[in-house]
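**Q** Chains as they are written, first to last, in this note's numbering: chain V, 1 to 533; chain E, 1 to 224.
Treat the hints as calculated values from the structure; they're not laboratory data. Keep in mind the model is a prediction, meaning the values are calculated, not measured. Beta carbons: idealized from backbone N, C-alpha and C, even for Gly. Hints may be right or wrong, so weigh each one.
[Stated by the list, open to error] With a straight-line cut-off of 25 Å between C-alpha atoms, the simulated DSS-like cross-links for lysine-lysine are:
#, chain 1, residue 1, chain 2, residue 2
1, E, 118, V, 415
2, E, 85, V, 189
3, E, 214, V, 415
4, V, 182, E, 118
5, V, 376, V, 189
6, E, 118, E, 94
7, V, 74, V, 376
8, V, 3, V, 532
9, E, 191, V, 182
10, V, 34, E, 208
11, E, 85, V, 34
12, V, 115, E, 118
13, V, 206, E, 191
14, V, 404, E, 214
15, V, 46, V, 532
16, E, 177, E, 191
[As the list claims (entries may be wrong)] Negatives, chain E to chain V, calculated, CB over 10 Å:
#, residue
17, 6
18, 8
19, 29
20, 41
21, 57
22, 72
23, 88
24, 99
25, 107
26, 125
27, 137
28, 156
29, 161
30, 190
31, 222
[Said to hold, decoys possible] Ranges between beta-carbon positions, derived for each pair:
#, chain 1, residue 1, chain 2, residue 2, range
32, E, 195, V, 230, 47 to 53 Å
33, E, 92, V, 39, 54 to 60 Å
34, E, 54, V, 6, 30 to 36 Å
35, V, 19, E, 221, 46 to 52 Å
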Amino acid sequence: MYKIEKFNELAKIVAEKRAANADLEPRRMTAEEKDNLLATFHPDYKQEEFTVLSAGVNKGDKVPTQLAELLQGKSRISAADVDLTAPDYDTDVLIIGGGGAGASAAIEADEAGVKAIIVTKLRIGDANTMMAEGGIQAADKPNDSPAIHYIDAFGGGHFAAKPELVKNLVTKAPEAIQWLNKLGVEFDKEADGTMVTTHGGGTSRKRMHAAKDYTGAEIMRTLRDEVLNRGIPVIDFTAAVEIILDENGKASGAVLMNMETKELLVARAKTVIIATGGAGRLHYQGFPTSNHYGATADGLILGYRVGARLLYADTLQYHPTGTGYPEQIFGALVTEKVRSLGAKLVNIDGEVFMHPLETRDVTAASIIRECTERDKGIETSLGNAVWLDTPMIEYKHGEGTIEKRIPAMMRMFGKYGIDIRKEPILVYPTLHYQNGGLNISADCSTDVENLYAAGEVAGGIHGRNRLMGNSLLDVIVFGRDAGMNAAAKAKETAVPEKLTLEHIEKFNSELANAGIASETASPMLLPKYARKA
Amino acid sequence: MENMVNVYLFGKKYVVPEGLTIMTAMEYAGYDLVRGCGCRNGFCGACATIYRIHGKQEIHACLACQTEVQEGMYVATLPFFPLVKQIYNIEEIKPTEQIMMQLYPEIYACIGCNACTKACTQELNVMQYIAYAQRGEYEKCAEESFDCVMCGVCSSRCPAGISHPQVAMLARRLNGKYLAPDCGHLEDRVKEIKDGTFEELIENLMQKPIDEIKELYNTREIEK
């Protein structure tokens, strides 16, 4: 039961119309309808929320205002703060970030026989990968093919993705699933081994593989276990604050900072992989976020300062179904799998206002329209929300389905007295994913030699909108590729002789010349949530 | 004025609005969290916390990000607990009863006190999954332990020194790799891709003018 009686009353309307709504097959929007909806209601189209960069390699491009402040912010160090001639760590491949991409890269680099270390500002596994609930795509069923997956991903991303990256994503997907399965990841399967797969928004085949609604957690904890079994060093609670270059401008390590003691350390490496993840904790446009505490865009800053270009940094994904109520979990992810399993989106009058499995950007825009222009939202203490009719899942598939397929969701709401098997839940879009990022080539290399990027920090794989299940996939496929390619490059690279941090001063001058020198410490590392009296 | 409650963070009293989680109450009190804060959504186990309500006997364990503050709550966070993780090669071990005996023999010292289950922040039947592990029933152990976030509270309460989350981790990997049925269609597809079956098809798509691929996308058949 809801503590607020109004919600219990309104939920009755949803219950009354459930049978009729369950039978409904809502029409899909036309391409033109979708374009208009996005242009009017999607947050990416609010020009006043963006800033044009005045310095760096993307000068002239617009990015979210909060990101611009950090990209054009002030380094946490100056070159004189560290002794580059006496590195504290020496390795072949330095991996910055301990999420799904970083761990996959480390395993492959280790497999290739080179020395890899992971540095992470929190713990290994403290990452958005851990929180990915719904699933991972791969075209491995007989009625599906990598070519169909290609069309879904490329079209879902508004035809803006880099074709060679989409090709890698879809053709390496089945092997990624097999690799995970052989590491011991438990995918949902039928008794004969057939994968249990469902739709995600914008998929044309049921190719979403899952491990209940702990898919990312199951993958992440297995990768972490494997990293530890291999004895790959993990330097935890240690953030990278600057990339180090050599005298020829090639990436050669990073300056690290102990998050607790603030001690600065130097890591020297032949190649560097940035796998720092996303930016939800920048709360663009004031949105809540489904992201991890550490999702503060650090990798974009590190790369940008040494000259790695950003691609599509102006496109963000607002997951349509963040938690709208209760306050304690406001913005927390309600997995798309809830809709994959048959729950529909319903307004205050109990009307199904759209097909529940349009792409995420379209669905989010449609919910925002319902709550604003159409005024059909349900008012909560934190704004408006719409219903996601979870009991419809068991109405369609029988009792026990929710506990078996989405136990995390049942637990999350259960803690606040809401039984999602019996009561619909309130949802509103939440900042979920950075569609763009550091521009990479097919081999995961950035514009800076010996600097690679993988996972959410990389851009170009998903164009301007990512489909559900293609991110868990991308961290594995591109994480592995980055590990292999950075290892191969390290093998043919000598230990860098002269390390430098000259780029800091150079970038400072550029900021000063543009008249935008700032005191904002960057990268952010962690959001500031503490209330200061 | 919001309703306020008294909470005692590491014994020190703070007055915070009701409705906050323990984590947001700490931030309200002015803490800059580094340890003991991870996903903030109940998936990562970083914020294991132990509390007792003033005047009550019982000790509770929870995730700070998922638990509302209560009047008179005495809170101690447990941002790290020294679990024992044994090293093994997943390719070489087999899902036999002996493997647990070899890697985690302390599970056979379980005295059946059930403190682990009572402490579990995910309300799992921890003692039961350890019993399955003792008997080499890894599939059952994997299923029973599946929602574990490896926060370590169970182990902090265990008189036998068992690292329950690591035992379960091993059981799940054994189950996922060796015991769960192999997937035929996955193996077939990986082989087809290696044989280059889709190469030309995808190269063609990559070369297509945007208008043509838009047409393909907008008219594609969607599986019911």
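**Q** For each hint, tell me whether it holds in the structure or not.
**A** Against the structure, the hints:
1. E:118 - V:415: holds, 17 Å
2. E:85 - V:189: violated, 28 Å
3. E:214 - V:415: Given that 25 Å is the threshold and the Cα spacing comes to 45 Å, the pair is violated.
4. V:182 - E:118: violated, 34 Å
5. V:376 - V:189: The given pair, whose Cα atoms are some 40 Å apart, is violated under the 25 Å limit.
6. E:118 - E:94: Outside the cut-off at roughly 32 Å; violated.
7. V:74 - V:376: violated, 45 Å
8. V:3 - V:532: violated, 31 Å
9. E:191 - V:182: holds, 16 Å
10. V:34 - E:208: Since the Cα atoms of residue 34 of chain V and residue 208 of chain E sit roughly 23 Å apart, the hinted pair holds (cutoff 25 Å).
11. E:85 - V:34: violated, 51 Å
12. V:115 - E:118: With a Cα-Cα distance of about 43 Å, the restraint between residue 115 of chain V and residue 118 of chain E is violated, given a limit of 25 Å.
13. V:206 - E:191: Holds, at about 21 Å.
14. V:404 - E:214: violated, 38 Å
15. V:46 - V:532: violated, 31 Å
16. E:177 - E:191: With a Cα-Cα distance of about 19 Å, the restraint between residue 177 of chain E and residue 191 of chain E holds, given a limit of 25 Å.
17. 6: Holds, because the least Cβ-Cβ distance between residue 6 of chain E and chain V comes to about 17 Å, which exceeds 10 Å.
18. 8: About 18 Å separates residue 8 of chain E from the closest Cβ of chain V, which puts it past 10 Å; holds.
19. 29: Non-interface label on residue 29 of chain E violated, nearest chain V Cβ at 8 Å vs cutoff 10 Å.
20. 41: At roughly 5 Å from the nearest Cβ of chain V, residue 41 of chain E sits no farther out than 10 Å, so the non-interface label is violated.
21. 57: Label holds. Min Cβ-Cβ 23 Å, cutoff 10 Å.
22. 72: Holds, since 19 Å exceeds 10 Å.
23. 88: Violated, because the least Cβ-Cβ distance between residue 88 of chain E and chain V comes to about 6 Å, which does not exceed 10 Å.
24. 99: The claim stands: residue 99 of chain E keeps its Cβ more than 10 Å from every Cβ of chain V (closest is about 13 Å).
25. 107: Per Cβ check, residue 107 of chain E is outside 10 Å of chain V; nearest 17 Å; holds.
26. 125: About 14 Å separates residue 125 of chain E from the closest Cβ of chain V, which puts it past 10 Å; holds.
27. 137: Non-interface label stands for residue 137 of chain E: nearest chain V Cβ at 15 Å, farther than 10 Å.
28. 156: holds, 17 Å
29. 161: The claim stands: residue 161 of chain E keeps its Cβ more than 10 Å from every Cβ of chain V (closest is about 20 Å).
30. 190: The claim is violated: residue 190 of chain E sits with its nearest Cβ about 5 Å from chain V, within 10 Å.
31. 222: violated, 5 Å
32. E:195 - V:230: 47 to 53 Å: Given range 47 to 53 Å: violated, Cβ gap about 31 Å.
33. E:92 - V:39: 54 to 60 Å: holds, 57 Å
34. E:54 - V:6: 30 to 36 Å: holds, 34 Å
35. V:19 - E:221: 46 to 52 Å: violated, 29 Å
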